[in-house]
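There are 2 protein chains.
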Amino acid sequence: MNRPWQKNLINIEPYTAGEQPKSDDIIKLNANENPYPPSPLVQKAIAGFDAESLRLYPPMDAAPLRRAAAKFYGLDPEWVFAGNGSDDILATAFRAFFNSPEPILYPDITYSFYPVWCDLLRVPYKTIPVDSSFCVHTEDYYIPNGGIVLPNPNAPTTIALGLGEIEELLEHNTDSIVIIDEAYADFSDVSCVPLVKKYPNLVVTQTLSKSRSLAGMRAAIAIADPYLIKYLDAVKDSYNSYPVDAVAIKAACAAFEDREYFEETCRRVIATRERTAAELRRLGFILPDSGTNFLFVTHPEHKAEDIFLFLRERGIYIRYFKKPRIDSYLRITVGTDEQMDKLLSALRELC
Amino acid sequence: MNRPWQKNLINIEPYTAGEQPKSDDIIKLNANENPYPPSPLVQKAIAGFDAESLRLYPPMDAAPLRRAAAKFYGLDPEWVFAGNGSDDILATAFRAFFNSPEPILYPDITYSFYPVWCDLLRVPYKTIPVDSSFCVHTEDYYIPNGGIVLPNPNAPTTIALGLGEIEELLEHNTDSIVIIDEAYADFSDVSCVPLVKKYPNLVVTQTLSKSRSLAGMRAAIAIADPYLIKYLDAVKDSYNSYPVDAVAIKAACAAFEDREYFEETCRRVIATRERTAAELRRLGFILPDSGTNFLFVTHPEHKAEDIFLFLRERGIYIRYFKKPRIDSYLRITVGTDEQMDKLLSALRELC
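The listed protein sequences correspond, in order, to chains D and P. At position 205 of the first sequence (counting the first as 1) the number is 205 in our numbering, and the numbers step up by one without a gap. At position 91 of the second sequence (counting the first as 1) the number is 91 in our numbering, and the numbers step up by one without a gap.
Keep in mind the hints are simulated off the structure, nothing from the lab. Certain hints may be false.
If chains are identical, the list can't say which one is meant, so a pair holds when it fits in one copy or spans any two.
[Stated by the list, open to error] Okay, derived cross-link-like pairs now, DSBU-like style, lysine-lysine, Cα gap no bigger than 35 angstroms in a straight line:
no., residue 1, residue 2
1, 7, 126
2, 7, 71
3, 230, 342
4, 44, 323
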């Protein structure tokens, strides 16, 4: 085709869908999905959902979800914001809080979403290198900035800063909004939620896709001082394009209500992770301690891409990033014990 | 509060929630929601949804929804794109197709979303005035431009262009992408879907929120030449923040499968609309013929705001826009016959 309107098309490569493993036999450890289903209360909430109500728009503020999350954390609902997935919340927060001519700061190895939205929203940014062990050093962030966004634990490195370090970061950045992206924090022993009452410039974001097994839906929350929550509401209200859908609100509420199931499945993922990490080290892999539901591993005698291809041939899908600094590493999602045993036995064959 | 970080907050008024009528007695004709519930097949799809699968991400391309919509229209699935609501699709299309230094064109009275996303995406735009009867004249769009977006029928004016006029517009704009936003087209007798095979620069967008009664969910489609669909996919894939959720995919498929229910509920809304329009004219109201599920009315002897307040006191909520050119008009969603009888009897009292 050769038409004049083609010149106005976006200059990115048309998408070619990657291979999507379809077989039921495969072991899918490439998307950091939870190996356990959501709480039985979620099943009940969906099965009992009144579909007739779908003719109406959902409550634009997703108030029931805010209340459920607030109750879970012992906060008033004014401290909670809800969004159509974690990225939606981050995009909203970038618009609400990152309006300085100074660059915002985040680690050079981190979630790939940040530069995409900085570019889209014209937010200047500066990446701060993690060290050769992938550690974030908070003192590198004691420079003039227009805001900070830091996943804790960081991804794909799996490494979590302690609460003391986060407090240090906050004490040195009282002039900026600091967003701590806790997508994986439920699999660590650190959460900054208790700090929001002490630091009015702290925003904590969380998703229900990982620890609450709702990747199939779009629901996430932010926790911060009500003063900041009002700005998130203002931005969201200024276009209102992405409300949380009515079924997702019910399902997410049910997920927050079942504390026992949530804690038990997190414990199981953590136990499997620790056992798998120990076995991998025995096989010669090198990996940092993980505070997430995945492991970030390298092997001194085997190329990462070779391991990736070796496992794929055996129906085990993990994640390989062909990117500078991390192209000798692999990201392996923590599955069930049975899945990890199959992974380990394949790797024993290789090593 | 007075902190240094406040200077980087976005410069918009913090949101104050408007009054949300909570009582079950009220008649809600202010959001263009369908008075009829979604198809019984939707209820069945949700009740039977396997919640365990929610631990996994949904298919990022929402392929089942594309197939269902394609089947409905007798097209191959390559002609269909799916998104997390109609705004998501429009935002994706603006990014994919509107990259010209020339301004894109749309009517001065139209959907309020367009300027918001043009500003966000740095798309230059020029609004083309509708005439004093709110009609769009396609010849006004025969000027250099970087693209065109036109709702047909237009909102809130309710007026639809005929297929001949749209073809004229397309014939004079072969150098631009033309987006026809068919949010309400199912309530008219005009759809541009059959034109996509003839015009490779035409993109038709549709939502499931109105005619298919799924406002509570986020699901919408675009129909265009597969060449253009690939660009929508490329943009969506470049950030992937807003997949269609897994339950919404199932519900939307069910809505497309039940053609009979869909056609019957559209017919009922149209019949109620025509009867209501005739009654309103008898009461002295002036209104254009509507191709939507709402009416856009004015009364020579009563101020729009007074009518709005009069009805609100009686528990009937309609929409009043305090905006230039349309502040003497009211937007009234077509409800059930019973709801419209209550509206008409309140208005008889007034007039």
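Comparing the hints with the structure gives:
{"no.": "1", "hint": "7 <-> 126", "verdict": "both (32 angstroms within a copy, 20 angstroms between copies)"}
{"no.": "2", "hint": "7 <-> 71", "verdict": "between (53 angstroms within a copy, 32 angstroms between copies)"}
{"no.": "3", "hint": "230 <-> 342", "verdict": "neither (49 angstroms within a copy, 38 angstroms between copies)"}
{"no.": "4", "hint": "44 <-> 323", "verdict": "neither (43 angstroms within a copy, 45 angstroms between copies)"}
Going down the numbered hints, you'll see the structure goes against 3, 4, while the others check out.
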